[in-house]
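Enquirer: Letter by letter, the chains look like this.
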Amino acid sequence: RSQRGGTGRDRGNTGSAMDAPSAAGLGGADPQLQRFIEVETQKQRFQQLVHQMTELCWEKCMDKPGPKLDSRAETCFVNCVERFIDTSQFILNRLEQTQKSKSAFSESLSD
Amino acid sequence: DSGMESGFGSDFGSGGGGGGKLDPGLIMEQVKVQIAVANAQELLQRMTDKCFRKCIGKPGGSLDNSEQKCIAMCMDRYMDSWNTVSRAYNSRLQRERANM
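Residue numbers (UniProt numbering), protein chains in the order written: chain A, 1 to 111; chain B, 1 to 100.
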């Protein structure tokens, strides 16, 4: 599998909200197209996560839609984003740890 | 929507021009537009879902005034929320990159 660039920490093939994707092999020989694909892919991952987190956090933070977003709801949304990313990282870290402690599994799972 | 997409399809063909050489700049621009359209559709779909849930109780024979007002406010609040989430996520990403 292609290595993920930009993070300096190899998380295998599990994705987190932080990873930058590699476009190696895509776009053929044209470096301009390749760069474009990298950039647009990263932008899309960002957009997708915003969509996903907005949906999730709306459920947690929004009661009845009012004439404006009050400061309590705004704070809730910000916290929600931070905790979502914390959750994502926590899951990855713990998964890494449990894989390391099971040497028989780590070969097949971390490919 | 489908009208728009088939429009791109025909542009693609005629934009290629003589010699069969595809202009990467043109392709990139078209891809960007298609991505923007897809994102707008995604936003609309989720917004509709959320605002329907918030504003429509027992579905009546039509949307009454209070329901319409609720939907209008809900749309604006959803956009506000989306922007708040986008800013918060961006800040977090920048903070993470600064710490690497």
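Incorrect hints may appear among the rest.
When the alpha-carbon atoms are kept at most 20 Å apart in a straight line, the in silico DMTMM-like pairs for lysine to aspartate or glutamate are as follows [unchecked claim]: (1) B:Lys54 - B:Glu67; (2) B:Lys32 - A:Asp30; (3) A:Lys64 - B:Asp76; (4) B:Lys32 - A:Glu38; (5) B:Lys54 - A:Asp30; (6) B:Lys69 - A:Asp30; (7) A:Lys68 - B:Glu67; (8) B:Lys58 - A:Asp63.
Simulated from the structure, these hints should not be mistaken for laboratory data. Predicted model, so just to flag it, every value in this text is computed and none were measured.
Enquirer: If a hint holds in the structure, say so; if it doesn't, say that too.
Expert: Structure-based check of all given hints:
Proposed proximity of Lys54 of chain B and Glu67 of chain B is supported: the alpha carbons are some 9 Å apart, at most 20 Å. Between Lys32 of chain B and Asp30 of chain A the alpha-carbon distance is near 18 Å, which keeps this suggested pair within the 20 Å criterion. Between Lys64 of chain A and Asp76 of chain B the CA atoms are separated by roughly 13 Å; this keeps the pair inside 20 Å, and the hint holds. Distance hint between Lys32 of chain B and Glu38 of chain A is fulfilled; the C-alpha atoms sit about 13 Å from each other, no more than 20 Å.
Taken as a hint, the Lys54 of chain B and Asp30 of chain A pair is broken in the structure, with Cα atoms around 49 Å apart against an allowance of 20 Å. Taken as a hint, the Lys69 of chain B and Asp30 of chain A pair is broken in the structure, with Cα atoms around 51 Å apart against an allowance of 20 Å. Restraint check: the Cα-Cα separation between Lys68 of chain A and Glu67 of chain B comes to about 17 Å, which is no more than 20 Å; the hinted pair holds. About 18 Å separates the Cα atoms of Lys58 of chain B and Asp63 of chain A, which keeps this hinted pair within 20 Å; it holds.
Of the hints listed earlier, those the structure fails to meet are numbers 5, 6, in rising order.
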